[in-house]
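Student: Place chain B on chain A using the hints.
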Amino acid sequence: MSTVLSVKNLRLYFTTRKGIVKAVDNVSFDLKKGETLAIVGESGCGKSSLAKALIRLLPRNVHTYSGEILIDGNDVMKLSDEMFRRLIRWRKISMVFQGAQNSLNPVLKVGFQVAEPLMIHNNVSKEDALAEAKKYLRLVGIHESFADRYPFELSGGMKQRAVIAMALITHPEIIILDEPTSALDVITQANIINLLKKIKNELGLSYIFITHDIAVTSELADRVAVMYAGEIVEISDADEFYYRPKHPYAEKLMASVPTLRTDKKLEFIPGAPPSLINPPQGCRFNPRCPYAFEKCLKESPPPYEIKSGNIVRCWLYHEGKR
Amino acid sequence: MSEDRIVLKVENLRKWFTIRRGLFGATAQVKALDGVTFELGTGEAVSVVGESGSGKTTLGKTVLRLYEPTDGKLIFKGKDITHTPEKDLMWFKRETGLVQQDPYGAMPSFMNIYRILEEPLIIHKVGTKEERAEIVFKALEEVRLTPVEDFAFKYPHMLSGGQLQRVAIARALILRPSLVVADEPVSMLDASVRVEILTLMREMQEKRNISFIYITHDLSTTRYFSEWIFIMYAAQIIERAPTKTLLQNPLHPYTRALLSAIPDPDPENRKKFREVPPGEPPSLVNPPPGCRFAPRCPFASSKCRTEEPPEVEVEPKHFVKCWLYAGAKA
Chain A
1 MSTVLSVKNL
11 RLYFTTRKGI
21 VKAVDNVSFD
31 LKKGETLAIV
41 GESGCGKSSL
51 AKALIRLLPR
61 NVHTYSGEIL
71 IDGNDVMKLS
81 DEMFRRLIRW
91 RKISMVFQGA
101 QNSLNPVLKV
111 GFQVAEPLMI
121 HNNVSKEDAL
131 AEAKKYLRLV
141 GIHESFADRY
151 PFELSGGMKQ
161 RAVIAMALIT
171 HPEIIILDEP
181 TSALDVITQA
191 NIINLLKKIK
201 NELGLSYIFI
211 THDIAVTSEL
221 ADRVAVMYAG
231 EIVEISDADE
241 FYYRPKHPYA
251 EKLMASVPTL
261 RTDKKLEFIP
271 GAPPSLINPP
281 QGCRFNPRCP
291 YAFEKCLKES
301 PPPYEIKSGN
311 IVRCWLYHEG
321 KR
Chain B
1 MSEDRIVLKV
11 ENLRKWFTIR
21 RGLFGATAQV
31 KALDGVTFEL
41 GTGEAVSVVG
51 ESGSGKTTLG
61 KTVLRLYEPT
71 DGKLIFKGKD
81 ITHTPEKDLM
91 WFKRETGLVQ
101 QDPYGAMPSF
111 MNIYRILEEP
121 LIIHKVGTKE
131 ERAEIVFKAL
141 EEVRLTPVED
151 FAFKYPHMLS
161 GGQLQRVAIA
171 RALILRPSLV
181 VADEPVSMLD
191 ASVRVEILTL
201 MREMQEKRNI
211 SFIYITHDLS
221 TTRYFSEWIF
231 IMYAAQIIER
241 APTKTLLQNP
251 LHPYTRALLS
261 AIPDPDPENR
271 KKFREVPPGE
281 PPSLVNPPPG
291 CRFAPRCPFA
301 SSKCRTEEPP
311 EVEVEPKHFV
321 KCWLYAGAKA
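Which chain is which? The protein sequence lines are A and B, in order. Residue numbers for the first sequence, in this note's numbering: 1 to 322. Residue numbers for the second sequence, in this note's numbering: 1 to 330.
With the rest of the complex left out, here is chain B:
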């Protein structure tokens, strides 16, 4: 990818949180994000897939600089913003947006929809009052909350989950950002509404050429939404590839396990057992040395238990962090 097309460049990014065990206990580090590297081009959508506690939400919040990284580099449109103080980040906040999982929790309940959408415009001193009104109504129309006059003056509790998630999308996009993070935007919605919201997001993303990070635990929706899939396990990206490549040719044993765990609606399913690894992801305070999936991996060798595997490009654009593939290359 040529440098000028890259919107976001993440190098070896880490975010560790300090916790205290017990009232007077020693402190420990939760390594929520532990050495993540990737780049994202203009207008590209990537799905970040992982189980709870895999660090996907921390990744989303860290790249938006809602958290300051512990280590590594965060470069947005060529500027290093890894440790830029909050007060100098206003331009960056204007260029980015966030859609959260729970739309009810993400909206101030005392503001009407109009006020909720106007807020970012006021903060970033956009336009006159009249111009702002025009922008807000147009935004509502774009997410198809019509007639807009009806919706603008309602309060969040008067809207359904799906409608409110449209407001959240409108709010995230209202400053015309170039990068948007959507963190489990549809996981609280019913199946038929999910498709509606994902389709809308995809449409807006393509129309405005926005770079999108779609964080989800649901692999089956990614093929409808993104060009790329990143698979996270225990605070690291263990495999990343274009969506089709990853779904057709998953390489990491964890990715394979994840894929085989997901059912498609098929009456044959009830007649067989699913082959899935036992156990659960490791602690992020003391992750295992070597490969973090090794304790559950059916192919683990002694090397996997002691040395961390490097990320290798097995086929063009298909990266995997696993000794099974690194060994062959070395």
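Same shape as in the complex, but just chain A:
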């Protein structure tokens, strides 16, 4: 499988009154064609900032934005904002935003909003774009008559579908899904996940699926990346990850996930994630890690390759303790 996206040493820091927030710190990963990479982590770990860095939707207080983002082999970090907007955003990589139901404009008709990216990014005429929008609404399971309705006339699940149609209409190769179901009820969530599976197969898409909900990641993920305090601490194949997470943080996080079908004792991770302004020295998880030893307190562990594409950043592996 070819690699559609390759991210190398991506950094996104913000300037705040309290200091520099290292929201995304030296993040690297690959995404293959047709693959879903899930990015999991707790709130404040930097996963939404990573999404914004990938699609270059940045706030004003950016301190550092560096690294490489290769899409089909070309480093798009070298493009100016204008060129990135014209060539990459929405045409190569689009996004379904968190709380998407509230991101629709309440005074514009649904069909127009779904059509808008085509008019803006692909210079398609309004008439053609609206016809295309109806096609995509049908694809996501909404009757085309809803194109002439306003967002308040749609249920939560339908609004989410409309937002997905909006992300698809420009034929991107990569779609970033940022908590696409977190505001939905479970049955609606299952329906949306079914839809995401279906269109991925039909259109040959690659997904970056960002969520805090580990159980839901298993619905889509071929590989899972775990973020902690701005860094990716583990990337594993799904078949491995859900049974044997490698990083101590991933292991503890998994132990805190309640299950419906099996009895297991739930655990929690004592303490709280560190500040992204002054992260702890050495491994950022060391203050909460039950296995931490001297080296963890001093030096930050580099990635350790378990097998191709699977890495863990933990001294236990470097030192042969696991």
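Because the hints were derived from the structure by calculation, they are not lab data. Just so we're clear, the structure is a prediction, and the values are computed from it rather than from any experiment. A couple of the hints might just be wrong.
Here are some chain A residues pointing at chain B (derived, C-beta under 8 Å) [stated by the list, open to error]:
| # | residue |
| --- | --- |
| 1 | Val107 |
| 2 | Asp185 |
| 3 | Met254 |
Idealized CB from N, CA, C, for every residue including glycine.
Tutor: Below, chain B without anything else, positioned relative to chain A:
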């Protein structure tokens, strides 16, 4: 259950809200709670599970008499409090507590933690100033916000969501209530903190023998928390049973759909589609006649679309409101 062990008895409880459609439009009734019956024993915890708009929050607020019921009966420790005026309910408020979803919204931001916890004691005229201080510090210790002197004089914005939810629990329990309603207490927290808060709540509930109503949309946490599960759909309880029974042998088609919609972390999930009913819950202004799930139910017959099913006890303590089971009994 013998009568003296019953803390709360709810009979055919209804809460309807009046809304006006448009500026001069006609009024309509939103039937947020429409005929709910159950009883809750001393020290029992029940999880009320439902999707948004199913009426679970209205149920919680109505049993705490934060709303006055429209119809039905609400009996707390043998006393009928359905329509008791607010001014005569002080004793009841002292016996009950509430933990809300958003701890930041539920705490006055201008009060420090000490003052927040002292407030209910002052309102209910408990102890002297010194005695109250002792109670407040002890409460903080119980929810493990230690060292207590550090936390007592902080303000809500200085605490994390998890810490603040501990304060909310301490506040709900400080008057030693016999009934507590926790409305989505962990849904805004991260997974690892969730477990911590649920474990703490369960511990306090068991230690003090409190009757607990845990309102949640998340079925997978209920098995760790409660003896009972009530499933709500469109303003009614459509199935209720002991937790294990319900999870192992769900009967109502809606409960089954709900269970099958929830994934456990399993890499096999990505290879298949989930079988879930299409559509969404009905309007609570004009709910469908008959069974409210009938329009989405794969087993619905013509009877289901016209007649409301009764609640039947299919096996001991396992109640379900569905013609599939009522038919066999009739």
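Student: Against this structure, judge whether each hint is valid.
Tutor: Hint check:
Because the smallest distance between the Cβ of Val107 of chain A and any Cβ of chain B comes to about 18 Å, over 8 Å, the interface hint for this residue is violated. Checking Asp185 of chain A against chain B by beta carbon gives a least distance of about 4 Å; that is within 8 Å, so the hint holds. Satisfaction of the interface hint for Met254 of chain A is found here, the shortest Cβ-Cβ separation to chain B being roughly 7 Å, below the 8 Å cut-off.
Figure legend: structure checked against the earlier numbered hints; the only hint not met is number 1.
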